[in-house]
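We have chain A; now place chain B onto it with these hints.
There are 2 protein chains.
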Amino acid sequence: MNVTDAILNRRAIKHYDPTHHLSEEEIEKLLSLAMQSPTAFNLQHWRFVLVRDPAIRQQIRALAWDQAQITEASLLIILCARLSVWEEPQRYWSKAPQAVQDFMFPAIRAYYQGKPQVIRDEAMRSCGLAGQTIMLAAQEMGLDSCPMDGFDFEAVGKVINLPEDHIISFMIALGKKTTDAWPKPGQIDYKEAVFLNQFPSA
Amino acid sequence: MNVTDAILNRRAIKHYDPTHHLSEEEIEKLLSLAMQSPTAFNLQHWRFVLVRDPAIRQQIRALAWDQAQITEASLLIILCARLSVWEEPQRYWSKAPQAVQDFMFPAIRAYYQGKPQVIRDEAMRSCGLAGQTIMLAAQEMGLDSCPMDGFDFEAVGKVINLPEDHIISFMIALGKKTTDAWPKPGQIDYKEAVFLNQFPSA
Numbered sequence: 001m002n003v004t005d006a007i008l009n010r011r012a013i014k015h016y017d018p019t020h021h022l023s024e025e026e027i028e029k030l031l032s033l034a035m036q037s038p039t040a041f042n043l044q045h046w047r048f049v050l051v052r053d054p055a056i057r058q059q060i061r062a063l064a065w066d067q068a069q070i071t072e073a074s075l076l077i078i079l080c081a082r083l084s085v086w087e088e089p090q091r092y093w094s095k096a097p098q099a100v101q102d103f104m105f106p107a108i109r110a111y112y113q114g115k116p117q118v119i120r121d122e123a124m125r126s127c128g129l130a131g132q133t134i135m136l137a138a139q140e141m142g143l144d145s146c147p148m149d150g151f152d153f154e155a156v157g158k159v160i161n162l163p164e165d166h167i168i169s170f171m172i173a174l175g176k177k178t179t180d181a182w183p184k185p186g187q188i189d190y191k192e193a194v195f196l197n198q199f200p201s202a
Numbered sequence: 001m002n003v004t005d006a007i008l009n010r011r012a013i014k015h016y017d018p019t020h021h022l023s024e025e026e027i028e029k030l031l032s033l034a035m036q037s038p039t040a041f042n043l044q045h046w047r048f049v050l051v052r053d054p055a056i057r058q059q060i061r062a063l064a065w066d067q068a069q070i071t072e073a074s075l076l077i078i079l080c081a082r083l084s085v086w087e088e089p090q091r092y093w094s095k096a097p098q099a100v101q102d103f104m105f106p107a108i109r110a111y112y113q114g115k116p117q118v119i120r121d122e123a124m125r126s127c128g129l130a131g132q133t134i135m136l137a138a139q140e141m142g143l144d145s146c147p148m149d150g151f152d153f154e155a156v157g158k159v160i161n162l163p164e165d166h167i168i169s170f171m172i173a174l175g176k177k178t179t180d181a182w183p184k185p186g187q188i189d190y191k192e193a194v195f196l197n198q199f200p201s202a
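For the protein sequence lines, the chains are A and B, in the order given. Here the working numbering is used: the first residue of the first sequence is 1, the next is one more, and so on. Here the working numbering is used: the first residue of the second sequence is 1, the next is one more, and so on.
So that you can see chain A by itself, here it is in the shape it has in the complex:
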């Protein structure tokens, strides 16, 4: 499937065939592609929790407005990020020439050290980038998807044993739809979203 069609056909799907199963190969392909998504300074801070255990799905559904897709979808991915990756840049730059490492490591430290909001922004942004990779790849693989942030983040973190220096960004349900999405409820005009050079002066 070409990229344009994948973008145009993707909709947030709420109802899935609970008997549909993803193969191990499909799951690994999807996540390997997700790991090709860009991260600032190549720090690869995303962490993907694949929730396959039905009992854990039920627990999460109860923490997420009882949304059916959480238990009906073939796969539920919780996109998380590890916040402390910037402290060990050598782990992500081992194949770079020494001169590049000598330039990058102090730059990485200067960018993140003592800046928790910058670190958190990065986590949310990178998980967004990786999430769209997953949803468009899923589309090509004949799967539907639903991005979700309507849940109790803290309680879901406890359910999945979220380590202390990690945060949750959002979740994606994936599978075979049984019901189409609603017609789009309203789309803003191109001119409301796209500006040339600058925002207009107030």
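No lab work stands behind these hints: they were computed from the structure. Just so you know, these numbers come straight off a predicted model, no measurement behind them. C-beta: ideal position from N, C-alpha, C; glycine also. Any given hint could be a false lead.
[Said to hold, decoys possible] Here's a subset of chain A near chain B, in silico, CB distances under 8 Å, partners left out:
{"no.": "1", "residue": "S32"}
{"no.": "2", "residue": "I56"}
{"no.": "3", "residue": "I119"}
{"no.": "4", "residue": "D121"}
Relative to chain A, chain B alone:
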């Protein structure tokens, strides 16, 4: 181009042919596709500033570690978000049935009201989703791209007249590459990024 190839071929490209021009049609296609990216509650808060004026590009380059791609690329997109969209949900749900509106509007208010960090997280996440849409669509259109957050956000905000209730998430340079990307400097193992059901107990 299929989705898998677009994902695998995308790399952050730093050097572009400054004589390459994007047509108005290409630009409009790219941004129209970006606007198909999902947003929570369909609030479509992303705002895209297309910086085409060479003088403004120079100003931004000076605020971004003098990175060459900022002036050499065919297009520079600054991905921003409007933070106050949740206050007017009727603007984004006008085509939905009344019953859906009656359910959604209080839910939207409850989700965002008085929660500036939740609103900010949403902005970063949505711009990440839209940014990957742009970069994968660009790949299909024969264009290269570079996502960037190495710049002075506040100073760039002044340059583009960023309105008070907006924030910048990141920038993307787009164009025709003249130099390939470095070999990947290091990739973490699948097992470091992907977990089954839960993170392991500490």
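For each hint, the structure was consulted:
1. S32: holds (7 Å)
2. I56: holds (6 Å)
3. I119: Hint on I119/A: violated, closest Cβ of chain B at ~11 Å, above 8 Å.
4. D121: Where the cut-off is 8 Å and the nearest Cβ of chain B is about 5 Å from D121/A, the hint holds.
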